[in-house]
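Student: Each chain is listed here by its residues.
There are 2 protein chains.
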Amino acid sequence: MNRFWSKTVSDIKPYIPGEQPREKKYIKLNTNENPYPPSPKVLESIRNETSADVRLYPDPDAAALKGAIALFYQVDCNEVFVGNGSDEVLAFCFPAFFNPGDAVSFPDITYSFFPVYSQLFGVKYETVRLNDDFSIPFDDFPSGVRGILVPNPNAPTGLAVDTDKVEKLLKKFPDTLVIVDEAYVDFGACSSVPLINKYDNLLVVQTFSKSRCLAGLRVGFAIGNSGLIEALERVKNSFNSYTIDRIAQKAAEAAIEDKHYFYQTVKRIVNTREKTAQELERLGFTVIPSKANFLFVSHKDIAAEDLFVKLRQEGILVRHFRTSRIENWLRISIGTEDDMAVLIEKLKAMMV
Amino acid sequence: MNRFWSKTVSDIKPYIPGEQPREKKYIKLNTNENPYPPSPKVLESIRNETSADVRLYPDPDAAALKGAIALFYQVDCNEVFVGNGSDEVLAFCFPAFFNPGDAVSFPDITYSFFPVYSQLFGVKYETVRLNDDFSIPFDDFPSGVRGILVPNPNAPTGLAVDTDKVEKLLKKFPDTLVIVDEAYVDFGACSSVPLINKYDNLLVVQTFSKSRCLAGLRVGFAIGNSGLIEALERVKNSFNSYTIDRIAQKAAEAAIEDKHYFYQTVKRIVNTREKTAQELERLGFTVIPSKANFLFVSHKDIAAEDLFVKLRQEGILVRHFRTSRIENWLRISIGTEDDMAVLIEKLKAMMV
Chain A
0 MNRFWSKTVS
10 DIKPYIPGEQ
20 PREKKYIKLN
30 TNENPYPPSP
40 KVLESIRNET
50 SADVRLYPDP
60 DAAALKGAIA
70 LFYQVDCNEV
80 FVGNGSDEVL
90 AFCFPAFFNP
100 GDAVSFPDIT
110 YSFFPVYSQL
120 FGVKYETVRL
130 NDDFSIPFDD
140 FPSGVRGILV
150 PNPNAPTGLA
160 VDTDKVEKLL
170 KKFPDTLVIV
180 DEAYVDFGAC
190 SSVPLINKYD
200 NLLVVQTFSK
210 SRCLAGLRVG
220 FAIGNSGLIE
230 ALERVKNSFN
240 SYTIDRIAQK
250 AAEAAIEDKH
260 YFYQTVKRIV
270 NTREKTAQEL
280 ERLGFTVIPS
290 KANFLFVSHK
300 DIAAEDLFVK
310 LRQEGILVRH
320 FRTSRIENWL
330 RISIGTEDDM
340 AVLIEKLKAM
350 MV
Chain B
0 MNRFWSKTVS
10 DIKPYIPGEQ
20 PREKKYIKLN
30 TNENPYPPSP
40 KVLESIRNET
50 SADVRLYPDP
60 DAAALKGAIA
70 LFYQVDCNEV
80 FVGNGSDEVL
90 AFCFPAFFNP
100 GDAVSFPDIT
110 YSFFPVYSQL
120 FGVKYETVRL
130 NDDFSIPFDD
140 FPSGVRGILV
150 PNPNAPTGLA
160 VDTDKVEKLL
170 KKFPDTLVIV
180 DEAYVDFGAC
190 SSVPLINKYD
200 NLLVVQTFSK
210 SRCLAGLRVG
220 FAIGNSGLIE
230 ALERVKNSFN
240 SYTIDRIAQK
250 AAEAAIEDKH
260 YFYQTVKRIV
270 NTREKTAQEL
280 ERLGFTVIPS
290 KANFLFVSHK
300 DIAAEDLFVK
310 LRQEGILVRH
320 FRTSRIENWL
330 RISIGTEDDM
340 AVLIEKLKAM
350 MV
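As you go down the protein sequences, you meet chains A and B in turn.
If you're matching positions, the first sequence starts at 0 in numbering that gives the first Met the number 0 and goes up one per residue.
If you're matching positions, the second sequence starts at 0 in numbering that gives the first Met the number 0 and goes up one per residue.
Chain A extracted, bound-state conformation (with noise of 0.2 Å):
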């Protein structure tokens, strides 16, 4: 650190992302990417929008990608906020939303940028303890927080809630606002996109890096109440005009329209997902069932960190969390088919 450092920066710890080698020979299941590329149609508008124009700024307010969001969720393109990865997004619901001094609250096992956005923006938070099967317990967020996140399905673990239990939150806390996270949901789990407009206290974060293929344009989006979409607008607009450039914003609005993609991609994940996790119940691994697109195990005789370490000596990728509770757990995004037949084989000569 040094003297001009504010007092933030020097306290804070900022979240580390997944490793991304810069050589190209890992199997990569680490960040949860989509191991399939984006549809020919995402490509192809790329291709398209590759001209002299990226002299020029891009709209600043992204409509056509909004129009775009907006049909395909059946909302009105006011309801509709777009960024620079649902990061981004999250990261502007705490100035939008949240004064300096009050509290948030969240699972203690979840995403863990939440507890480094609430230090970059001066807010407080409390943890609300997972249960021993890593399932959420609704009925312990606190009273008295001005905003509770809750992402369904949860990271790093998968698990999924249906939206009855994200309903009762709404109408328990009417004046707290409830961002969930929704990163994952398009893999198996329940949206509350169509609650918004009966609950003005909801706002639902979702990306194109997972379900959409397209991690590497860096584009998310919030759907909410027009209320709640104008409070982002107004930080992102004094926080930076353009935050999604040109390409970015005509590949993510060709991405939304390819339905048929979209559905087709997500399904071959989801069926290897689960033809994955028996595999790994078979290798001995307790196997959280999951909503996302990836796996959350734990072996009953190999520790988490070892089969980390071994894994990567043999060319493959995941994530593991030195964090208290999930030590002995790995998180293994679903990569293709052949993916994940290279990793069970790895697995099983490591079991012998």
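Treat the hints with care, since some could be wrong.
Some chain B residues near chain A, calculated using beta-carbon distances under 7 Å [to be verified]: (1) P36; (2) P39; (3) K40; (4) S240; (5) Y241.
What follows is a set of in silico ranges between Cβ atoms, one per label pair, in the way DEER data are often shown [to be verified]: (6) B:S323 / A:S142: 39 to 49 Å; (7) B:Y262 / A:S323: 51 to 61 Å; (8) B:N47 / A:V341: 51 to 61 Å; (9) A:A102 / B:D174: 30 to 40 Å.
Rather than coming from a laboratory, the hints here were simulated on the basis of the structure.
Glycine included, every Cβ here is placed at the ideal spot set by N, Cα and C.
Could you slot chain B onto chain A? The hints should help.
Tutor: Same frame as chain A, but now just chain B:
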């Protein structure tokens, strides 16, 4: 507003970017974009990056891009920070270096995002009043502030200062961070980058949006000593791990590597600027001597707002700020030779 808005978001006056018309019929001289396409090598690099790999997250460190910038400016890679446009870089400076309640200082007439960032991050600001010729009164910056923001050239005036003025400021306030916003520096001003090793209180911010023809892809950067850069990295990694997408990283890398195209393009714009300035003076305009890719002008007989409206009717967009002291001025971006010929012709017709 609604009851979920934070106090900050309720009070803030967001920045309003220049209009980006969706129909393409205007000659756009309103947002200081480059009138020329990026280097052919940039478009080629985008095409090469348009592959299935957009499913993968970008390099969160943007190491190759930082390396290319470092090489161009002859600094170390750890003296370079990159972000989603210089707007994001400037925004990150606030939580990185200033505590809520701290004060910063900048000119009263300058980039209108500075007061907005201050409000967003709870930082107070003291402005120094530009001299009547719009020059920055460097001796008037107050002591005891935590940061001073000086654009060079200043916007929207286009007036530049020699680096000895910046150096004097760095010496006078060794405990104040001086951020020099060099968004327009390549069009004829002197960069303060060579001073970063001599002064640990200097951070220089630049962008790919103007001289490097890439406004549409959102890349900006900061150069300063590694301690300052680390603070920005910590903020970025507490906000959004991947702020620059795969395609933008590659495009910016190609843009900074093609020095020949860069110098050639800048030279064309500077030549057009000088020619246009002379013609505007002949038409009765006062023209501030500009080292940027725009001219700040005022007419002796016709009000700026009238000219703005009339030019718009004639298919030419320029920028008019309804801001005290500059209500009667227009900021006109430098377009192609042809764009400026049309502008002069239309203005001549209005003068008859």
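Student: Honestly, which of those hints from before does the structure not fit?
Tutor: 2, 3 and 8
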